[in-house]
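Colleague: Sequence:
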Amino acid sequence: MDFHVTPLRSGSSGNLTLLEHAGTTLLVDAGLPSQRGLADALSEAGCGWDDVDAVLVSHLHSDHVNGSAVACCARHEVPIHLHRRNLDAFARKILSRSPASGPVRTFGDGEAFSVGGIAILPFRVPHDARGVTCGFTFTPVPGGRDVRVSMATDLGQNENGLFERFLDSDLILIEANYDEEMLHRSRRHDRGRVGSDTGHFSNAQAGKFLVRVLQESRKHPRAIILCHLSGDHNTPELARATVREILADHRFDGIPVHAARRDAPLRKFSL
Numbered sequence: 002m003d004f005h006v007t008p009l010r011s012g013s014s015g016n017l018t019l020l021e022h023a024g025t026t027l028l029v030d031a032g033l034p035s036q037r038g039l040a041d042a043l044s045e046a047g048c049g050w051d052d053v054d055a056v057l058v059s060h061l062h063s064d065h066v067n068g069s070a071v072a073c074c075a076r077h078e079v080p081i082h083l084h085r086r087n088l089d090a091f092a093r094k095i096l097s098r099s100p101a102s103g104p105v106r107t108f109g110d111g112e113a114f115s116v117g118g119i120a121i122l123p124f125r126v127p128h129d130a131r132g133v134t135c136g137f138t139f140t141p142v143p144g145g146r147d148v149r150v151s152m153a154t155d156l157g158q159n160e161n162g163l164f165e166r167f168l169d170s171d172l173i174l175i176e177a178n179y180d181e182e183m184l185h186r187s188r189r190h191d192r193g194r195v196g197s198d199t200g201h202f203s204n205a206q207a208g209k210f211l212v213r214v215l216q217e218s219r220k221h222p223r224a225i226i227l228c229h230l231s232g233d234h235n236t237p238e239l240a241r242a243t244v245r246e247i248l249a250d251h252r253f254d255g256i257p258v259h260a261a262r263r264d265a266p267l268r269k270f271s272l
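Residue numbers (the working numbering): 2 to 272.
Since the hints were derived computationally from the structure, they do not count as laboratory data.
The structure presented is a predicted model; accordingly, all values stated were derived computationally and were not measured.
Be aware that one or more of the hints could be misleading.
[What the hints assert, rightly or not] Computed Cβ-Cβ distance ranges for the label pairs, DEER-style:
| # | residue 1 | residue 2 | range |
| --- | --- | --- | --- |
| 1 | GLY111 | PRO257 | 29 to 35 angstroms |
| 2 | ARG98 | ASP233 | 27 to 33 angstroms |
| 3 | SER187 | SER35 | 37 to 43 angstroms |
For every residue, glycine included, the Cβ atom is placed at its ideal position computed from N, Cα and C.
Between the sequences and the hints, there should be enough to build the whole structure, so can you do that?
Modeller: Here it is, written out as structure tokens:
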């Protein structure tokens with residue numbers, strides 16, 4: 002049975018990724034600004050909220066979870082999973098403004114759990130969100146197919162050991178937020194934050210990170226998906242070209258590199 006991954010939206014305007022396996026439908030983040038937008042994005046992938054088994058929250062920035070997501074989860078009784086150190090801030094920032102909520106469940110650092118047929122292993126990444134920011138590794142539950150999907154869409158730097166979370170993956174989703182030259186020329190007041198050690202990954206950082214992952218892996222991914230591209234400091238073409246050039250310089254030019262879109266689904270990746 003295939004393991005399906007569909008990036009529905011990715012960027013500072015909202016993040017939503019769909020995982021499907023063995024009758025389980027999981028959303029990683031649900032940060033679109035309206036309930037209608039969330040429903041429309043799901044519809045574009047051929048499903049609706051009644052099909053969703055859980056929402057997994059990477060961190061508490063509003064482009065990853067907000068009141069619209071909570072309202073949809075409440076209406077359809079969809080559980081929300083988040084790091085337990087984010088629970089208090091989540092309750093104050095979002096739940097306190099919502100008339101109702103679906104079930105809220107928590108996990109800890111490196112604490113594996115599963116939703117239906119999908120096993121999840123969270124890991125911390127450096128980012129300036131309140132509380133904890135997580136990346137995730139997804140596999141079929143034990144006894145299923147040997148498939149591994151690794152994902153981190155907001156991270157400021159490549160901390161020692163972080164690359165190990167991505168080894169031997171069949172699909173990698175990694176942030177490539179900005180082009181360094183475009184950010185340098187920007188007049189935005191937050192450009193220092195974006196390029197900081199707790200901000201976001203640049204295209205070049207993503208490429209160099211991927212080289213290290215590929216050098217240490219026993220197998221290579223079927224595809225790489227660049228995520229969370231800035232609308233001000235990047236373009237899909239530039240992100241792909243930069244990463245592809247870095248990979249080619251190290252003879253890893255045979256791996257397809259895609260860029261997730263801010264306003265539409267990319268496509269379904271079946272593993």
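Colleague: If you check each hint against the structure, which ones fail?
Modeller: 3
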